[in-house]
Every structure is written in structure tokens, then in C-alpha cells.
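Q: Listed below, chain by chain, are the residues.
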Amino acid sequence: MVTCAEVLKELSNFIDEDIDPQLRAEIENHLRGCRRCSVLLDSTRKTLRIVGDERVFDIPVGYSERLHRFLAKKLGTD
Amino acid sequence: MAARDPSPRVNNAIERDEAALIRGVCAGQKELFHELIRPYERGIYLTAFSILRNQGDAEEVAQETLLKAFSHLDQLRSDEKFKGWLFLIAVNEARMRRRKNHQHLFESIDDDPVETTEGDFMPHQFADWRDIPSEVLDKEEIRSAVQKALENLPQKYREVFLLRDVQHLSVEETSKALGLSISAVKTQLHRARLQMREQLAPVFGRRWSDRLPFLKGRNPW
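Chains as they are written, first to last, in my numbering: chain A, 1 to 78; chain B, 1 to 221.
Just so you know, the hints here were simulated from the structure itself, not pulled from any lab data. There may be inaccurate statements among the hints.
List of simulated lysine-lysine pairs, DSBU-like, C-alpha gap at most 30 Å [unchecked claim]:
#	chain 1	residue 1	chain 2	residue 2
1	A	Lys46	B	Lys176
2	B	Lys139	B	Lys81
3	B	Lys156	A	Lys74
Which residues of chain A face chain B? A partial, calculated answer using Cβ under 7 Å [said to hold, decoys possible]:
#	residue
4	Phe14
5	Asn29
6	His30
7	Thr47
8	Val56
9	Ile59
10	Lys73
11	Lys74
For each residue, glycine too, the CB sits at the ideal point set by N, CA and C.
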């Protein structure tokens with residue numbers, strides 16, 4: 001039986017499915033009965049979904065145009 | 001909400017297209033380079049910015065990175081993924097610029113994270129999170145909160161987090177780009193994820209649930 005501390009320690013590996021099947025099953029079992037650990041897992045997964053969406057991060061206005069203009073000049077493709 | 005990673009089938013198709021573009025560029029069709037780098041240009045900027053924290057420097061480093069990638073494209077091994085190789089150049093270029101600016105001398109002292117003696121980060125926010133509809137991510141206050149949370153991460157965690165969870169490099173590619181062991185990447189990523197979650201909890205958590213008696217209690221960690 002895994003404890004909350006062990007779930008916390010393995011949280012990232014659990015999300016990445018980089019964990020042995022036996023431990024994974026024990027964590028899944030723990031999650032079914034532990035609201036705090038379930039919240040922790042759910043909110044960490046949501047965090048990763050949020051930051052994985054490229055709209056979230058601002059890029060300077062005109063960056064892409066300036067970049068391609070610079071490359072075109074250097075590469076002679078303008 | 002966008003999926004975290006493209007499916008393996010999509011990834012294979014992207015790699016096939018990329019391989020064709022790379023062959024074309026190396027064969028002299030230089031204009032194809034623009035198309036080749038377009039999917040990564042935002043990520044290259046964000047990576048440079050995460051290291052330099054200066055818009056002008058980050059833009060210049062992105063330009064230098066891509067110019068260097070063009071000049072050395074014929075040295076990309078056939079078993080090497082273009083994306084990982086490109087981000088490796090970006091990290092090296094940004095770190096060189098950082099050294100040149102002497103930024104590392106001013107940031108290293110205050111940048112170390114506060115950790116327990118075991119080096120683990122302890123979460124404190126346990127409110128359940130709302131579902132997050134995709135359109136919410138267009139809102140200025142949300143984008144600002146996410147960017148601020150990323151900027152608040154200690155430098156070494158920010159770099160790992162950005163390459164792995166924002167740019168979706170593999171653990172191996174992240175390790176190579178940053179010159180870290182696989183186990184260091186995993187440890188730093190774990191801490192970065194927990195700290196990002198903690199910082200974003202006040203934004204996305206259901207604040208009312210904090211007040212419900214059954215959710216209160218002793219921190220099990």
C-alpha cells in the first residue's frame with residue numbers, strides 16, 4: 001500500500017507513464033480513496049494541458065516577420 | 001483544449017515531411033528552410049527568452065540559432081531528430097549570450113529554489129480545479145498568470161519545464177539540450193511541475209471548496 005508521500009514522489013513519473021506496472025496499480029488504488037492526491041494529480045495534469053497550448057505564451061508582435069526577413073536576407077531567398 | 005502531444009501517427013508524418021524539407025534545403029532549395037523552421041520559431045524564441053529574460057536578446061538569439069541551424073544542417077545525423085537538434089543549438093546560443101551579458105553572475109545567488117532538506121517541494125493548495133475550456137486560454141489575465149508562474153520558477157527548473165512540457169521534447173532530448181543527466185531532468189521536471197501547479201492553483205482552483213470543512217485537514221506530506 002503506497003502512502004501520500006510516495007504518490008507525491010512518483011507523481012511526475014506517473015503522469016509520464018514512466019513507472020513500473022506494479023507501482024502504477026498501487027498508486028491508482030490509492031488515488032481511488034484519497035481526495036487530496038486525486039486533486040494533486042488532476043490539477044498537475046491540467047497545468048500541463050494549459051502550458052502545452054501555445055496560445056498561452058506571448059510572442060513579440062512582428063517577431064515572425066522580422067525573423068523570416070532576417071533569414072531571407074542572410075540566405076538570399078528574398 | 002489542445003492535446004499535450006501529437007499522436008505517434010502525426011509525429012511520423014511530421015518527421016517524414018521534415019526529412020523531405022531537410023533533403024531539399026541541403027540540395028540547394030534554400031527557400032524551403034523557411035517552411036522547415038516555421039513550426040518551431042515560437043518555441044525557439046520562448047526558449048531563448050526563458051534563459052535570457054529579455055525580449056530583444058531573445059529575438060536576436062532566435063535569429064542566430066536559425067542561421068546556425070541552416071549553416072550546419074548537412075551535419076544533422078539521419079538518426080537525430082531535427083527538433084531536438086534545433087533546441088540544443090538554441091539553448092547553447094542563449095547560454096553563450098547570457099555569459100556574454102554576465103547575467104549569470106547576478107542571477108545565480110537568488111535563483112536557487114527554497115526546498116526542504118530532502119530537496120522536495122511540498123504542495124499546499126488542494127482546492128479542486130475547475131474544468132478549463134479552451135477559450136479561457138485566450139484571456140489576457142490567464143495568459144499573464146501562466147507566464148508569470150513560469151518566470152517565477154528558478155532558472156534550472158524553468159529551462160527543463162519549458163523544453164519538456166511546453167515544447168514537448170522527450171526526456172532524452174531535454175537532457176541532451178541542457179547537458180543534464182536523465183535523472184536530473186526527471187527530478188527537476190517533477191519539482192517544476194509541482195511549483196507551476198502551486199502557483200496556478202489560486203487562478204484555476206475552486207476557491208469555495210477551500211472553505212468546505214471536509215476538505216480541510218492535516219497536510220499528509
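Q: Confirm or reject each hint.
A: Here is how each hint holds up against the structure:
Distance restraint check for Lys46 of chain A and Lys176 of chain B: the Cα-Cα separation of roughly 27 Å lies within the 30 Å cut-off, and the hinted pair is therefore satisfied. Distance check on the hinted pair: Lys139 of chain B and Lys81 of chain B sit about 34 Å apart at the alpha-carbon level, beyond 30 Å; violated. In summary, the hint linking Lys156 of chain B to Lys74 of chain A is not supported, as the alpha carbons are separated by about 33 Å, beyond the 30 Å threshold. The criterion of a C-beta within 7 Å of any C-beta in chain B is not met by Phe14 of chain A, whose closest approach is roughly 10 Å, and the hint is violated.
Taken as an interface hint, Asn29 of chain A does not check out: its beta carbon lies about 16 Å from the nearest beta carbon of chain B, beyond 7 Å. At about 11 Å, the closest approach between the beta carbon of His30 of chain A and any beta carbon in chain B exceeds 7 Å, and the interface hint on this residue is violated. The criterion of a C-beta within 7 Å of any C-beta in chain B is met by Thr47 of chain A, whose closest approach is roughly 5 Å, and the hint holds. Given the 7 Å rule on beta carbons, the hint for Val56 of chain A holds: about 5 Å separates it from the nearest Cβ of chain B.
Taken as an interface hint, Ile59 of chain A checks out: its beta carbon lies about 5 Å from the nearest beta carbon of chain B, inside 7 Å. About 10 Å separates the beta-carbon of Lys73 of chain A from the nearest beta-carbon of chain B, more than 7 Å, and the hint is not met. Taken as an interface hint, Lys74 of chain A checks out: its beta carbon lies about 6 Å from the nearest beta carbon of chain B, inside 7 Å.
Checked against the numbered hints given earlier, this structure breaks hints 2, 3, 4, 5, 6 and 10; the rest are met.
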